Amino acid sequence: MMYSNELIGSLQEKARQLREDVLVSIGVGVAGHLGGSNSSADLVAALYFYKMHYDSKNPKMEDRDRFLLSKGHVAILQYAALAEAGFFPREDLKHVKEIGFYLQGHPDVRKTPGIEAGTGSLGQGLSIGLGMALGMKADKISRKVYVLLGDGELEEGQVWEAAMAAGFYGADNLVAIVDKNGLQANGAVRDRMDSDPVNAKWESFGWNVIEIDGHDMEQIVSALDAADEANGKPTVIIAHTIKGKGVSFAENVVGFHNAALDKEKYEKAMAELKEGRK
Amino acid sequence: MNDRNQRIAYGETLIELGRKDPRIVVLDADLGGSTMGKMFEAEFPDRHYEMGIAEANMTSVAAGLAQTGKIPFTNSFAVFAAGRAFDQIRQTIAIGRLNVKICGSSAGVSDFGDGATHQSVEDIAIMRAIPNMTVLCPADANETRAAVKAMVEMDGPCYIRLNRNDYDNVTEKGKEFKIGEPTVLRDGADIAVFATGYMAGVALKAAESLAGEISVKVVNVSTIKPLDEKKIGQLAAGCRGIVTAEEHSIIGGLGSAVSEAMRKSGMPVDYVGIQDCFGSSAHCYSDVLEYYGLTKEHVAETIKEMYERTGVK
Numbered sequence: 001m002m003y004s005n006e007l008i009g010s011l012q013e014k015a016r017q018l019r020e021d022v023l024v025s026i027g028v029g030v031a032g033h034l035g036g037s038n039s040s041a042d043l044v045a046a047l048y049f050y051k052m053h054y055d056s057k058n059p060k061m062e063d064r065d066r067f068l069l070s071k072g073h074v075a076i077l078q079y080a081a082l083a084e085a086g087f088f089p090r091e092d093l094k095h096v097k098e099i100g101f102y103l104q105g106h107p108d109v110r111k112t113p114g115i116e117a118g119t120g121s122l123g124q125g126l127s128i129g130l131g132m133a134l135g136m137k138a139d140k141i142s143r144k145v146y147v148l149l150g151d152g153e154l155e156e157g158q159v160w161e162a163a164m165a166a167g168f169y170g171a172d173n174l175v176a177i178v179d180k181n182g183l184q185a186n187g188a189v190r191d192r193m194d195s196d197p198v199n200a201k202w203e204s205f206g207w208n209v210i211e212i213d214g215h216d217m218e219q220i221v222s223a224l225d226a227a228d229e230a231n232g233k234p235t236v237i238i239a240h241t242i243k244g245k246g247v248s249f250a251e252n253v254v255g256f257h258n259a260a261l262d263k264e265k266y267e268k269a270m271a272e273l274k275e276g277r278k
Numbered sequence: 001m002n003d004r005n006q007r008i009a010y011g012e013t014l015i016e017l018g019r020k021d022p023r024i025v026v027l028d029a030d031l032g033g034s035t036m037g038k039m040f041e042a043e044f045p046d047r048h049y050e051m052g053i054a055e056a057n058m059t060s061v062a063a064g065l066a067q068t069g070k071i072p073f074t075n076s077f078a079v080f081a082a083g084r085a086f087d088q089i090r091q092t093i094a095i096g097r098l099n100v101k102i103c104g105s106s107a108g109v110s111d112f113g114d115g116a117t118h119q120s121v122e123d124i125a126i127m128r129a130i131p132n133m134t135v136l137c138p139a140d141a142n143e144t145r146a147a148v149k150a151m152v153e154m155d156g157p158c159y160i161r162l163n164r165n166d167y168d169n170v171t172e173k174g175k176e177f178k179i180g181e182p183t184v185l186r187d188g189a190d191i192a193v194f195a196t197g198y199m200a201g202v203a204l205k206a207a208e209s210l211a212g213e214i215s216v217k218v219v220n221v222s223t224i225k226p227l228d229e230k231k232i233g234q235l236a237a238g239c240r241g242i243v244t245a246e247e248h249s250i251i252g253g254l255g256s257a258v259s260e261a262m263r264k265s266g267m268p269v270d271y272v273g274i275q276d277c278f279g280s281s282a283h284c285y286s287d288v289l290e291y292y293g294l295t296k297e298h299v300a301e302t303i304k305e306m307y308e309r310t311g312v313k
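Line by line, the protein sequences are chains A and B. Heads up, the first sequence is in our numbering, so the first residue is 1 and it goes up one at a time. Heads up, the second sequence is in our numbering, so the first residue is 1 and it goes up one at a time.
Heads up, a few of these hints could be off.
Said to hold, decoys possible - Not the full set, but computed from the structure, chain A residues with beta-carbon under 8 Å of chain B: (1) Leu130; (2) Gln158; (3) Lys233.
Hints were generated in silico from the structure; no laboratory data involved. None of the values given here were measured: they were computed from a predicted structure. Positions of the beta carbon are idealized from the N, C-alpha and C atoms, including for glycine.
Next up, chain A with everything else stripped away, as it sits in the complex (with noise of 0.2 Å):
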């Protein structure tokens, strides 16, 4: 094995702790994006704190990693995991989508320390993160971007215009997360407009593909590491992974992409998560 158990532990328990954060700001009674969220939370985890480089002191230091949350209206997730990573004090995660915040719903790039880009109109992202990346390159800098995107927003026709242009440009600095959970707003993406086969789709882009489950932690940090081995082609990493994960009544459960729980459910996830701990 190539991963030490502490190694993987430690990450699971970063997981759990975005899962358990991701709650508090979510609240009771206020609408919020739990399952999309939870389903994330692994591969947002094993960025965070296994494989980015960033200095949570000095968000635009220029050797950096990036990472952006195309799949913008999980923002909450990432707002926990900057938070845990030291951009901010974990206490403002309480206050999310307050008015007037810093905190927005949507990842905002002016107000947010650690936000890369503006996101959460659906299929951008991977495009901005394709500029980050070629810009990247023009000045030598020898970082990689990371976009997670959801499998609902394949449907955006932006993504494959994206996907064109980075095999095009062979930009091997440029990792695409697809985090499979298979619902999208309205249903099961294979009822409401499948995006299957979607490994054949990325390979025959250019891409090199890498399909792992994503809540299997030492998968997750080998299919990342893999991504380092440049081959002039980008790489995208489809993760298999169950929507609202950790929190038995919302798993699979297409009414969690954005629901307000009540102080009875609340308990009952925040319990969950809790126990989830090792």
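Place chain B on chain A using the hints.
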């Protein structure tokens, strides 16, 4: 060298500025031969990005480049630059106030042959409505050179609207372009004409044609946004009425902007522009201009009509 074409002035200026500033990069969507992005590509092949026929991606890629400290210029026809990529401009570039420069080439009805699909009658309205956006519409090739320099010097998103065709300059070569500052092309006391782009020169000819009859002030409004409302008011002060002239729909463009600026003045405003309709193909630029009333004769008539109806009884 063609001194009478905005696209060429744009292409030459980008090269000139690109030599001094390595941050400048240029993106095209298979129209570089027309936008003159090809000139920059020939000089700086590593700093020109051909993005294929994909304006949405091009615009968001520019946002990413800006986030690495580059000053990207995206080029396309104005209909696509402002229309097809509206959401990309709004969501990523304008909200984040990123330093991306957007060039809407072949704007207005200046792409006379291609017809309604390629003629932008609403790009000013679209870009002007976006918070944080600066909107420039230089009068001629001379002013284009200065405007592009000013775009590089300012930090933040900026849209520039350029004409496709050759025509005579009405502004002085080498004059500094100050974003937000309207300039007087001709002084006058009876009617103030605010004009932008190609129509600035047309308005000037209209004013000349009325010399001795009506004293017409002509103001070149080459920054549509931000519009200095106070300055517009001062320039119009003492005149009987205002006429605006633009190669754009009368909805949402310069006419609207001037009306907004003058809304508390009680001064009458009339518009010369495209009357809320799409363009049409024509065999030459003058045919399409004539068809939509974008002529010195029509501007003069509108001035006259304003002068007569505001006359002292």
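Going down the list of hints, with the structure as the test:
1. Because the closest C-beta pair between Leu130 (chain A) and chain B is about 5 Å apart, less than 8 Å, the hint holds.
2. With its C-beta approaching chain B no nearer than about 5 Å, Gln158 (chain A) sits inside the 8 Å limit, and its interface hint holds.
3. At a threshold of 8 Å, the smallest CB-CB gap from Lys233 (chain A) to chain B is about 18 Å, leaving the interface hint violated.
The structure does not agree with numbered hint 3 stated previously, though it agrees with all others.
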